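K.L.:
Take a look at the letters that make up each chain.
Protein chains: 4
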Amino acid sequence: MRNKLQIGILGATGMVGQRFIQLLENHPWFEITWLAASDRSSGKRYEDAAKWRLDTTCPERIAKMVISPADPAGAPKIIFAALDTDIARELEPRFAAAGCAVVSNSSAFRMHPNVPLVIPEVNADHLHLIEDQSWRRESGGYIVTNPNCSAIGLVMALKPIEERFGIEQIFVTTMQAVSGAGHPGVPSMDILGNVVPFIRNEEEKMQEETLKLLGQLQGDQIVPLAARMSAHCNRVAVEDGHTESVSIKLGNKLGRPVTREEMLAAWAEFQPLAGQDLPTAPKQPVEWIALEDRPQPRLDKNRGNGMAASVGRLRPCGLLDWKFTVLSHNTIRGAAGAAIVNAELLLSLGKLEPVAVAALRA
Amino acid sequence: MRNKLQIGILGATGMVGQRFIQLLENHPWFEITWLAASDRSSGKRYEDAAKWRLDTTCPERIAKMVISPADPAGAPKIIFAALDTDIARELEPRFAAAGCAVVSNSSAFRMHPNVPLVIPEVNADHLHLIEDQSWRRESGGYIVTNPNCSAIGLVMALKPIEERFGIEQIFVTTMQAVSGAGHPGVPSMDILGNVVPFIRNEEEKMQEETLKLLGQLQGDQIVPLAARMSAHCNRVAVEDGHTESVSIKLGNKLGRPVTREEMLAAWAEFQPLAGQDLPTAPKQPVEWIALEDRPQPRLDKNRGNGMAASVGRLRPCGLLDWKFTVLSHNTIRGAAGAAIVNAELLLSLGKLEPVAVAALRA
Amino acid sequence: MRNKLQIGILGATGMVGQRFIQLLENHPWFEITWLAASDRSSGKRYEDAAKWRLDTTCPERIAKMVISPADPAGAPKIIFAALDTDIARELEPRFAAAGCAVVSNSSAFRMHPNVPLVIPEVNADHLHLIEDQSWRRESGGYIVTNPNCSAIGLVMALKPIEERFGIEQIFVTTMQAVSGAGHPGVPSMDILGNVVPFIRNEEEKMQEETLKLLGQLQGDQIVPLAARMSAHCNRVAVEDGHTESVSIKLGNKLGRPVTREEMLAAWAEFQPLAGQDLPTAPKQPVEWIALEDRPQPRLDKNRGNGMAASVGRLRPCGLLDWKFTVLSHNTIRGAAGAAIVNAELLLSLGKLEPVAVAALRA
Amino acid sequence: MRNKLQIGILGATGMVGQRFIQLLENHPWFEITWLAASDRSSGKRYEDAAKWRLDTTCPERIAKMVISPADPAGAPKIIFAALDTDIARELEPRFAAAGCAVVSNSSAFRMHPNVPLVIPEVNADHLHLIEDQSWRRESGGYIVTNPNCSAIGLVMALKPIEERFGIEQIFVTTMQAVSGAGHPGVPSMDILGNVVPFIRNEEEKMQEETLKLLGQLQGDQIVPLAARMSAHCNRVAVEDGHTESVSIKLGNKLGRPVTREEMLAAWAEFQPLAGQDLPTAPKQPVEWIALEDRPQPRLDKNRGNGMAASVGRLRPCGLLDWKFTVLSHNTIRGAAGAAIVNAELLLSLGKLEPVAVAALRA
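Here the protein sequences come in this chain order: F, D, R and A. The opening position of the first sequence corresponds to residue 1 in the working numbering, with each subsequent residue numbered one higher. The opening position of the second sequence corresponds to residue 1 in the working numbering, with each subsequent residue numbered one higher. The opening position of the third sequence corresponds to residue 1 in the working numbering, with each subsequent residue numbered one higher. The opening position of the fourth sequence corresponds to residue 1 in the working numbering, with each subsequent residue numbered one higher.
Looking at chain F on its own, in the form it has when it is part of the complex:
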C-alpha cells in the first residue's frame, strides 16, 4: 500500500462514484482515502449512505469509511469528481482553487476554453491547457475533464481514421443505456419495451465535444475539427453500453479513395499509448469484431475491461463514404474509467506530483 497516491471521490454515492470505487479497488497507483457526497450523506458510513448498484460487492474497507463534507479542507490533492453539472459548476473550482487536481467526469467545464477535454489515446497534448488555468498558477490545482459517455466511443473510433484520412462529415445515431442517466434516472415505465428518442442536451454535447476532442492544440487554444456533424440520441432498454450507428465522409489526405483494408488497418494499428503502461488503458483501444452482427452491448461492452471501443459492420454508405457500428461501456470507458486513465496520464506526465507530493505516504 505504500507509495500509492491518496485520492478522493466527490460524488461517491452515485452510479459513477460507485464505478470509481469499483475500478480503483486494487489500483496500483491510487488509493481511496476520502469520500464526499451531499450534505445528506456527510457523516454517515458509506454503506449506510449509498445504495450500491454494481454486480460486484462494495469493498469492505470502503463500506466502513465515513463520508466527508464536500469541502477541500481535509481532502487529498487528487480528486475524482462525479457530480451533477450544477453542483460541479460550483464545487470543482473550489477544489481546484485549493490546489487539487480535479479529474472530472462532469460536463460543467468540458467546453471551457482553458479546460482540457481529454481521452489519453486521442488528444493527450490538450492537457497543455491546464497551464493556463488561474488556479494552476495560484495554487497548483486545475480541472481536467473527460467527455460525455456518448462521445467517447465514437471519438476513439474516429481518431485513427481522422489521422490517416481526414474526416469531413459525421452522422451518428445513438442507442444509449439507462445507466448513463444514473440512479434513479430513467423510470422503468419509460423504457421497458420502449425507445425514448430524446436525451436532454445530449445531441448538443455529443456534437461539440466530438469536434473539440478531434481538434488541434494551437498555441493556447483548441481549434475544433472542421467537420460537420449530426447526432440523433435515443435511450433504449439496455443496462450498460452505448451502441452507435455511424456514417462518415472522409477527407482527402490520401488523395484517393480509402479501402476497407485501410480502414481496418487504421483501427488495428491505433496504439497511441504503446509503451506508456497506463494501468487502466486497454491494450487495443479500438477492437474490430469481424462477426456480421456485432458489436452488441450485452456481449461486447466489457472488452478491454470495459475500456475499449468495439467497432463492427464496416460497409459502404449510400450517402457518405463508410458506415459502421461502435460500442463502448458508458459507465466505465464513458465515465469513471475515462477519468481514471486521465489521472494515470497526468501522473505519467508529472502533472500530479506537484499537487500530490504532500499526500504521499512515506
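Just so you know, these hints were derived from the structure itself, not from any lab. Only a predicted model underlies this, so the values are computations on that prediction, with no experimental measurement involved. Hints are all accurate, no fakes.
All copies of an identical chain are treated as equivalent in the list; a pair is satisfied when it fits inside any one copy or across any two copies.
Below, computed lysine to any residue pairings styled on SDA-like, alpha-carbon distance capped at 20 Å:
#, residue 1, residue 2
1, Lys51, Glu292
2, Lys249, Gly318
3, Lys51, Ile289
4, Lys51, Ala290
5, Lys283, Thr56
6, Lys51, Asn302
7, Lys44, Ala290
8, Lys64, Asp39
9, Lys51, Arg294
10, Lys64, Ala290
11, Lys249, Glu163
Dock chains D, R and A against chain F, hints included.
P.N.:
This is chains D, R and A only, laid out in the frame that chain F set:
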C-alpha cells in the same frame, strides 16, 4: 354477413397471419372463409395448429376452422398472403395464375418491375402495373405487395415532404421491434438488455423499396425517386413498433429554404385518401406529436388504430436539412394492416370484382 | 351528456389518475367535471401538469381542463381518489366530511373497521359499513375503498372456491408489474434484467386485505376469513399485469375431496353480478384459460377489458390441495377500474343519489 | 500445462458447453483437449460451428480447435457432458461403457437409482453409487450428474437447515432466467414484458431432485428426504440467475422452535468442503445478504464467482415456519460450474485417476 367478399389467408398461423385474423374480424367488406398454412398444419383446426400470440383472443369462429392445404383449388379469389419469402416465391404465382388477387406482405416480388409495391396514401397509381402481369391477362389474377415494415412508416412521413419540397438525400437509423421477425424469431438471449445492429437484408430492402415507393409511374414502369439513401438497421428489445431516426436533404421545389411551419403543414395536410372511406385507412396518416420526447413505441404505436405513422422531434440537421423521429406499428401498418388497406383500395378501384364476383354470397 | 353524474378525480395527474380519465371517457353514467392534484399542479391545464403515460391519447377535453386545488369547495359530490397514502389519510376524510362519496384506491383506510373494502363481485354486502361512518350521518359523505392491486385478482379467483368448498390455507407468490409503483416509481436500473424480491408493506397489505375481503359482515363489522395465509411479493420487468402463483388448502364444505371439474365449474359459474348491468363489470369475472402456459401478462391482462382475473394451470399441489396461476391488470382491475365499478355498484344501490343529486344536470 | 488432466466436452457448442469452455480456461487441474458436438458441427473449427454468446471472448486456442465426432474413440477419459436429454440418454452410456468418467449436466440419468446426483457441498457421499454401475465394473467408466438449475440453489440453502433442524415441508416459486433454456431457447416475443408460468417438466424435476439430493445413502441406495414439497416454476425476462421464493416447515431436531439467529448461523457456518481446496468451490457456499431487497439476479448472481447461493429476506411465514429468497447463477452454479466442481471432487477422492491416468501428460 351477406355481401361481404370472401377472402383467404395464406400463412395464417404465423404472427402476420394472426394479425390478419385480428384485423379482419368484423371487417365491413371482407370475410375470412379459408385459412392455409404449411403441410404440417393442414387438416388441423386453427386453434390446434397456431400458437396465438396476440393480446386479444382468437375469434371463436376462426379457432374452429380447419386449415386447408396451400393450394388454389377451393380457395377464394382474394388472398392475403403472409408467407416466408422462399415459399411466397413459389406459391404466390400459383394463386395469381389461378385467378386470385394475391395481396401479399412478402418481400418476394416487391421489386419485380411488373408488381406494384403500394401504400394507398403514397402511390395508389402504381397499381396500374397489375395490368401488365401475364396472370392478369390470362386468368384475371395478379400480385400486389406492400412494403417492408421498416420502410412503410418512413415513406409515409417522407411522401408529403417529397411532394411539396422534393427530397434529395435520406439518412435513417432504425430501432426495430422483435415482432418483425415473427415467432420464434429473435431468441430472448439475443435481445434482452441488448441491441443487435444487424437484420439480414433489411438495409437493402429498406433502401430500394423506399425509392420505388416514392417513384413515378411512367408508362408501364416505375422510375424510382432519384434520391440517395443510407439505412442503418438495428433490433432492440421492443415488442411492437419500429422507431427511426431520420435526416433528410430537401429538393428545391420551392426555390428557397423550407420552414419548420411548412414541414409541419405538409404532414398535417397530408390527406390523400380523403373522401374514399377505406375502412382501415387512418384519418390522419401522419400524426405530428409536439412533445419533446416522442414518438415512443410503447405509447404511440397504436395511433390511428396502428395504421398511422407518428412523427416528432423535427429539428435542423447539422449535415442535411432536417431531422426527426418516425414511428409506426410494424405488424399492423407494417404488415397485415398494410395489405388490408391495399385490398380496400383495390376494391374501391374495381379491381377485386372481376376476380371475386363468383365468391360473393347471394 | 345530460343526466350523467358529475365526478371529480383527486390525484388526477398520476398513473392511476390517468387510468381514471382513460376509463371514464365515454362512461355512460359518469362525467369528469373536476380534476385536482398537488399544489404544484393546481391552476395549470391538465396537459401542462401531467406527463401522460398511457398508450391512448389524453381526451382533448380533459387536456384543456384546469386543475383545481384539492379542496372540497367547488368539487362535485362523487370523488375518485388516487392519492398517495399519506395524503389520502389527510384529504379523504375532508372530502367525506364535506358530503362527498369518496371512492378511493388508496390504502389509507382500507383496514379501518368502518370502511368497506369492496370488490363488487366478492363482497358487495360489506358496503353496509358506510352507514356507520360518522361523516355519513353528518353530511351524507363516506369513504369506500378497493383493494391493493396484488390482492384483487387473487381474491376474485378465491371467492367462488371459498363459497363452494371453503379455504383454509393460502400460499401466494407474486410477480408484479412496475406500473403498480406509479411514475417515476421503479428505476429502470433496478428492474431491467432483474427481479426485486421486495415491495415495501406489500405482503402485509395483501394478507390482511385478502382475509377482510373474504370475510363475513356480521352486524356492523367484518369478521375476516379464518384462513392462514403467506405471501411472497416480487417485482418483475413487466409493464402491466400482476402474475401470481397460488396454492390453496380447501375447507371441507363438501365433506369430500373436490375434483378438478368442480374447481373449474366454480370459476365458470361465478356470475355474482348477473343482471345488474354495471357498465365496467366484466361478463366473466374469472376467466379460465385452458392452455398449458397461461395466463401471461402480455397476452391476457386485457381480458374483460382489463377487468377480469385470468386463471390457468390448475393442478394438484404437493403440500396443499390445488395450485394455479392467476393474473389481473394491476392499474385497471387493480386500481382505477376497481374504483369505477365500486362507484357503479354504489349508484345501483342508491348510495350515490343522496350525495350527488344536487350535481345532476337538469 | 504439464500434469493437467485432459478433458473433453460433449455438446460443446451450446450455451452450457460455452460455459464449460469459459470456466475451464486456466483451470489448474483440467485442460480441454477434445470438443464434440452434433454431426452438423463435426469437422468444423469451433469458431465456425458455435455462435459464442458469452460476454467474455472465446479463448483463441479453443476457437481454432476442430470439433470431433461424438464418439468415445479418440476422446479423453474425462468427459463433461452438456447434451439435450434425448441425446444424453443415448450417448452418455456409450462413453461410460468405453471407460470414461462422464460428468453430466443432463437430466437423462439424474433419477436413475445407480447414478449419483451430487452437489459436493451437500451430498458428496452419494458418489458411492458409481461403484454399482455396471460400466464401472467393466471398463472403469461411470456417470455422475449434477442437478437441474432450479434445484441447486434451493438445495444449497436447505442443506444446512435440514442438517441442524430438519425440514418437513418445502414451498418454492421460481422466477427463472432465459439462459436456462439455451439458445435459441425462449423466443423474445414470449418473454419481453412478460412472465411465462410454465416450464415443461421443471416442477417435477425440481421436486424429485431436491428430495434425492437431501436424501440419505443407505447401503447401495439413496433414500429421499421424507419431506413434502410443492414447486411453481415461472420464466421471467432475466438473462442469468434464478430467483426463488421459498417457505419451509422445519423438523423438530432441536425439540423447540428455531430462532432467526440459528437460521442465519446455519447458513454462515455451512463450510462442508473446508480444507479440501476444490478450485471451483466457493469459500462461502451460502451467502446471506442482509439488505432488505436482496438477493437480486442482476446484482448477486456472480457471488462466489457464480458458484454461491445467495439468501436474503428471512422472515416468519404465515403458513409454515420461515420464508426467504434464494438466488443462484443458473448456467454457472446451475450447470457447467456444478459439473466442474463435481469433477474436482471426484479427482480429490481418487475417482478420476483410474480412468484418466493414461491421459496424463508425462
